[in-house]
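Asks: Those protein sequence lines, which keep their order, are chains A and B. So for the first sequence, my numbering puts the first residue at 2; every next one is plus one. So for the second sequence, my numbering puts the first residue at 2; every next one is plus one.
Be a bit skeptical, because a hint or two may be false.
Claimed, not checked - Pairwise CB distance ranges (calculated):
{"id": "1", "chain 1": "B", "residue 1": "R149", "chain 2": "A", "residue 2": "A168", "range": "46 to 56 Å"}
{"id": "2", "chain 1": "B", "residue 1": "P69", "chain 2": "A", "residue 2": "E35", "range": "14 to 24 Å"}
{"id": "3", "chain 1": "B", "residue 1": "E182", "chain 2": "A", "residue 2": "H54", "range": "52 to 62 Å"}
{"id": "4", "chain 1": "A", "residue 1": "L52", "chain 2": "B", "residue 2": "L134", "range": "30 to 40 Å"}
{"id": "5", "chain 1": "B", "residue 1": "E170", "chain 2": "A", "residue 2": "D87", "range": "33 to 43 Å"}
To be verified - Computed far set for chain A versus chain B, every beta-carbon distance over 10 Å:
{"id": "6", "residue": "E12"}
{"id": "7", "residue": "G74"}
{"id": "8", "residue": "L134"}
{"id": "9", "residue": "K135"}
{"id": "10", "residue": "A146"}
{"id": "11", "residue": "A176"}
{"id": "12", "residue": "D193"}
{"id": "13", "residue": "K200"}
To be verified - Covered stretches of chain B, as calculated for chain A (at least 3 residues, CB under 8 Å):
{"id": "14", "stretch": "93-100"}
{"id": "15", "stretch": "104-113"}
{"id": "16", "stretch": "172-179"}
{"id": "17", "stretch": "187-200"}
What the hints contain is simulated information worked out from the structure, not anything from laboratory work. Beta carbons are placed, not taken as given, at the ideal position from N, Cα and C, and that holds for glycine.
Protein chains: 2
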Amino acid sequence: MHRFYAPDITETLLLPEAESAHAVRVLRLAEGDEVEVVDGRGNLYGCRISLAHSKKCGVEIVRHIAVPNHWHGTITVAVAPTKNLDRMEWMAEKATEMGIDRITPLLCRHSERKELKTERLRKILVSAMKQSLKAAMPQLDEMTAIARVIADESLPPQRYIAYCDEATERRQFEACYRPGEDVVVMIGPEGDFSPEEVKLAIEHGFVPVTFGNSRLRTETAALYAVAAAHALKQARQ
Amino acid sequence: MHRFYAPDITETLLLPEAESAHAVRVLRLAEGDEVEVVDGRGNLYGCRISLAHSKKCGVEIVRHIAVPNHWHGTITVAVAPTKNLDRMEWMAEKATEMGIDRITPLLCRHSERKELKTERLRKILVSAMKQSLKAAMPQLDEMTAIARVIADESLPPQRYIAYCDEATERRQFEACYRPGEDVVVMIGPEGDFSPEEVKLAIEHGFVPVTFGNSRLRTETAALYAVAAAHALKQARQ
């Protein structure tokens, strides 16, 4: 069945404009057709189209199913956006498919990209959420200076910073990660974190980690962290 | 230091044409400059340029370092190429970065892509191998009919087939995977494996598995399998 994203569905009983156009113009859905609508906060609504309008498609809610994320312990990745936006976009898409709670684009000393428009990324997250049959959207933050992220007291106590410098003592991420507990992993830019950034992170409880002996690109490291978190959790089930 | 790929380096003492052009024309390397050369079979050579020719760049081997893959137990993924080639290409790139031994493009009943030119993929593998500081190239097979892959007796005994059909009894991949042992994982096309294909695979010792509750795209599932294999292995180190 076709799935749509409408964050305010219970209040408006309307699909947003782009979703309305897709439903009515592209898919040619008509009144009486059944669709699924997710609100991005873990709710799935079985709906019936009541007004096939290509800008404001009206629906009637037939049933409600709570669809919480299937993993336990939130997964947050704070990652410096890559110079090439495609790489950041596919990482966000794949992380959403695998399951992630929050993506914080990091502004670092060595960041090659200092600005990031999140609008396009948000669309990719919506589409990946629908495609992978989830009802919850990851939180996507605006670009945030690393010092602010590090100082954020709302971050969970399980904190890691992936760092490439072999001179720094680092633990193996997979060996120290505690599955099921909220986690935040920071991934640096192409030029890595600066020593000052790593020092500040350590002072705030971040544990320097390595993902092994491959030198991973920024976006690969971010995705690997998400995959590893799921794999290690699911190995225990 | 710049790293080049020259499979026949010990015999020819020359970089291949494209690598020569890159070294001499793009990077403007000159006689006496030091470079690293990998042969794709786990050997890294420290070299010095002896003839800066833009088609046949000659080198002198100064030292040899064996760089075996850092993981134990080969990882083979047999995956149906996606309709959109970009998706297959990034999967191959990322799997190479994380570490994979063999990629077999699978021709299945429901394959949306029936042909695959491996030339471009091979270039992506070379570049990912160099970028992630490896000296060994994954083996990239030509597109192979699934029945032939399943019947291949040289495949390791640890065999999984990822299958989406919830009516089939499946194990959780992460819970049954034995890290460190050679493994082959089959990933189906967008339309999944046919029941006959799954039946045949089971008869040949493949265990039907799921990666969890997210519906992953073909390329995401393939990459997830590689990441999970590394994560589960590295958790034990």
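Asks: Does each hint hold? Answer for all of them.
Replies: We went through each hint and held it up to the structure:
1. The beta-carbon spacing between R149(B) and A168(A), approximately 49 Å, falls within the hinted interval of 46 to 56 Å.
2. Between P69(B) and E35(A) the C-beta distance comes to about 56 Å, which lies outside the given range of 14 to 24 Å.
3. For the pair E182(B) and H54(A), the beta carbons lie near 58 Å from each other, so the given range of 52 to 62 Å is met.
4. A C-beta distance of roughly 58 Å is found between L52(A) and L134(B), which places it outside the suggested range of 30 to 40 Å.
5. Taking 33 to 43 Å as the suggested C-beta distance range, the pair E170(B) and D87(A) conforms, at roughly 39 Å.
6. Under the 10 Å C-beta cut-off, the non-interface status given to E12(A) relative to chain B holds; the minimum distance is some 29 Å.
7. The Cβ of G74(A) lies farther than 10 Å from every Cβ of chain B, with a closest approach of about 14 Å, so its non-interface assignment holds.
8. A cut-off of 10 Å between C-beta atoms contradicts the statement that L134(A) is not in contact with chain B; the least separation is 5 Å.
9. A Cβ of chain B approaches the Cβ of K135(A) within 10 Å, the least distance being about 7 Å, so the stated non-interface status is violated.
10. No Cβ of chain B approaches the Cβ of A146(A) within 10 Å, the least distance being about 28 Å, so the stated non-interface status holds.
11. Non-interface call for A176(A) relative to chain B: violated, since the shortest CB-CB distance, roughly 6 Å, does not exceed 10 Å.
12. With a cut of 10 Å on Cβ distances, D193(A) stays outside the contact zone with chain B, its closest approach being about 14 Å.
13. With a cut of 10 Å on Cβ distances, K200(A) stays outside the contact zone with chain B, its closest approach being about 26 Å.
14. For the stretch 93-100 of chain B, the proposed coverage by chain A is satisfied: 4 residues have a C-beta within less than 8 Å of a C-beta in that chain, meeting the threshold of three.
15. Look at the stretch 104-113 of chain B against chain A: 0 of its residues bring a Cβ nearer than 8 Å to a Cβ of that chain, fewer than three, so the hint is violated.
16. Under a criterion of three residues with beta carbons nearer than 8 Å to beta carbons of chain A, the stated coverage of the stretch 172-179 of chain B is upheld, 5 such residues being counted.
17. Coverage of the stretch 187-200 of chain B by chain A is violated in this model, with 0 residues showing a Cβ closer than 8 Å to a Cβ of that chain against a need of three.
The structure fails hints 2, 4, 8, 9, 11, 15 and 17 (numbered hints given earlier, in ascending order).
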